[in-house]
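J.: Sequence:
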Amino acid sequence: GANWTGPGSGLPFNGVNTIFVDGTDLWAGVQSNGVYRSTDNGATWTAASTGLPAFRRNVSAITRSGSTLFVGLTSSTTGSVYISTNNGGNWTSASTGIPAASYVFTLHSIDQFVFAGFNYSGTGVASGIYRTSNNGANWTPVNDGLPNPSSINSIAVVGTNMYVSYLGVYKRPLSQITSVKEIAGAI
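The sequence shown begins at 2 in this note's numbering and counts up one residue at a time.
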């Protein structure tokens, strides 16, 4: 049609920070309300936030790697990244290696690798890009060549390169940060 339609039922009337398409499912990260899932093209939404912190569950990013869903939070003292291995049924913190109270701005997955881009918000928190290859069990920074500190707004992959945005666009070969040589058609 020529017009936008409303947000459907069940979705709180708060800011939606991010949406993620996963097959036929839609996921929404809602300001202060966690994660919501729609299985009918957004006509109805169901809360899927069990296990996320009750306070400050501002979901800023969502992605999937294999059978694991990842969500990034803003300024949670109980972990910046949470995972679900049962399609959003419940969530557990997966933030080992990420300083407490760090603000995830974006997530991007490539095969078994998940990259988290952080919004630098002060001393002692994460800055730049962190990577996990084991479903969030451990995270390590991959910031060589980025300004320190840096706030990463978005991540994209084209061919054999990863691009991140922060006061410009920075490029790094995937071969330097993964064992992946090329992801055909990934953006």
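Hints listed in this document are in silico derivations from the structure and should not be mistaken for laboratory results. One or more hints might be untrue.
[Claimed, not checked] Listed next, with one range per pair, are the computed distances between beta-carbon atoms:
(1) A138 / Q177: 29 to 39 Å
(2) N88 / P13: 33 to 43 Å
(3) N149 / T40: 23 to 33 Å
(4) S68 / V17: 38 to 48 Å
(5) P174 / G9: 19 to 29 Å
(6) D41 / A3: 31 to 41 Å
(7) N162 / T141: 13 to 23 Å
(8) G125 / L168: 16 to 26 Å
(9) Y164 / N42: 27 to 37 Å
(10) N162 / A44: 31 to 41 Å
(11) N162 / S10: 35 to 45 Å
(12) N15 / D41: 14 to 24 Å
(13) S10 / Q32: 45 to 55 Å
(14) G11 / T86: 22 to 32 Å
Don't be surprised by glycine CBs; every beta carbon is placed ideally from N, CA and C.
J.: If a hint holds in the structure, say so; if it doesn't, say that too.
T.: Results for each hint:
{"no.": "1", "hint": "A138 / Q177: 29 to 39 Å", "in the structure": "violated (22 Å)"}
{"no.": "2", "hint": "N88 / P13: 33 to 43 Å", "in the structure": "violated (21 Å)"}
{"no.": "3", "hint": "N149 / T40: 23 to 33 Å", "in the structure": "violated (43 Å)"}
{"no.": "4", "hint": "S68 / V17: 38 to 48 Å", "in the structure": "violated (25 Å)"}
{"no.": "5", "hint": "P174 / G9: 19 to 29 Å", "in the structure": "violated (41 Å)"}
{"no.": "6", "hint": "D41 / A3: 31 to 41 Å", "in the structure": "violated (22 Å)"}
{"no.": "7", "hint": "N162 / T141: 13 to 23 Å", "in the structure": "holds (20 Å)"}
{"no.": "8", "hint": "G125 / L168: 16 to 26 Å", "in the structure": "holds (22 Å)"}
{"no.": "9", "hint": "Y164 / N42: 27 to 37 Å", "in the structure": "holds (30 Å)"}
{"no.": "10", "hint": "N162 / A44: 31 to 41 Å", "in the structure": "holds (39 Å)"}
{"no.": "11", "hint": "N162 / S10: 35 to 45 Å", "in the structure": "holds (42 Å)"}
{"no.": "12", "hint": "N15 / D41: 14 to 24 Å", "in the structure": "holds (21 Å)"}
{"no.": "13", "hint": "S10 / Q32: 45 to 55 Å", "in the structure": "violated (18 Å)"}
{"no.": "14", "hint": "G11 / T86: 22 to 32 Å", "in the structure": "holds (24 Å)"}
In this structure, the hints that do not hold are numbers 1, 2, 3, 4, 5, 6, 13, in rising order.
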